[in-house]
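Peer 1: Mapped onto the UniProt record's numbering, the consecutive letters of the sequence shown carry residue numbers 1 to 246.
No lab work stands behind these hints: they were computed from the structure. Note that the structure is a prediction, hence the values are computed from the model and not measured. Honestly, I wouldn't trust all of these hints.
To be verified - Below 27 Å or equal to it, Euclidean Cα-Cα: the simulated DSSO-like pairs (lysine-lysine) are:
(1) K54 with K180
(2) K120 with K101
(3) K25 with K180
(4) K207 with K75
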Amino acid sequence: MRNTVNILGIPVDNVSMAEALNIVKGFLNEDRVHTVYTPNSEIMMAAQRDPELKEILCQADLLVPDGAGVVLASKINGCPLKERVAGFDLTNMLFSDDTSKNINYFFFGGKPGVAEEAYKNLLDRRININVVGIRNGYFTKDEEDEIIRQINNSNTDVLLVALGAPKQEKWIHENKKKLKVKLCIGVGGTLDVLSGRAKRAPVFFQKHGLEWLYRLYKEPWRFVRMMDLPRFILRVIANRIKPKRA
Numbered sequence: 001m002r003n004t005v006n007i008l009g010i011p012v013d014n015v016s017m018a019e020a021l022n023i024v025k026g027f028l029n030e031d032r033v034h035t036v037y038t039p040n041s042e043i044m045m046a047a048q049r050d051p052e053l054k055e056i057l058c059q060a061d062l063l064v065p066d067g068a069g070v071v072l073a074s075k076i077n078g079c080p081l082k083e084r085v086a087g088f089d090l091t092n093m094l095f096s097d098d099t100s101k102n103i104n105y106f107f108f109g110g111k112p113g114v115a116e117e118a119y120k121n122l123l124d125r126r127i128n129i130n131v132v133g134i135r136n137g138y139f140t141k142d143e144e145d146e147i148i149r150q151i152n153n154s155n156t157d158v159l160l161v162a163l164g165a166p167k168q169e170k171w172i173h174e175n176k177k178k179l180k181v182k183l184c185i186g187v188g189g190t191l192d193v194l195s196g197r198a199k200r201a202p203v204f205f206q207k208h209g210l211e212w213l214y215r216l217y218k219e220p221w222r223f224v225r226m227m228d229l230p231r232f233i234l235r236v237i238a239n240r241i242k243p244k245r246a
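Let the sequences and hints guide you as you build the complete structure.
Peer 2: Quick look at the structure:
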């Protein structure tokens, strides 16, 4: 039985990082496609404007709170989530787990060369995962069938989709019935960070829920998008204090 916290109509799994990892590992023992999404405040707010995205998030097999804003929203609702479960960290914990040597991975997304660089850097760090296929994230609709064939022919267990939100969530949802994999994870900019082309916020910012501030400092053009964070929190507060109908 899943333990979830309802945040603006979206059931976010109330799990620790260790629990999320065990759930993901359990998915690999089941013979069907499982979907894992890691929404932050921007994605949760986007889902309020996009009914299709909201439904996709609601149908996830595991939905973990990637952003500190999502954890804060749960506290405002009076049902606090255990902790932030960042998609980057969850993916890396899966890579480093003892069972990972028996898992096949496919890296799908990023600019040309990014996935290859990410894999090389993992190997340089002595994280010897089995990457059985790589495909960049630049493609047309006409190429999708060939990409799916490539994924299925690779005999992969885990498909990491790094197309950015909400494109990656919608791509997974649209194609999951065609995929012969056990697990699809929307990983956003994970491959960019692993490749070295992007950097995560310093640990201080991560621990204090300020990654958004560091990202804004590094990429000020994101200001308009980041306004969704306060909008999200204000919407949660408004929903919390809204009078209940008799």
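Peer 1: Check each numbered hint from earlier against the structure, then list the numbers of those it violates in ascending order.
Peer 2: Structure breaks no hint.
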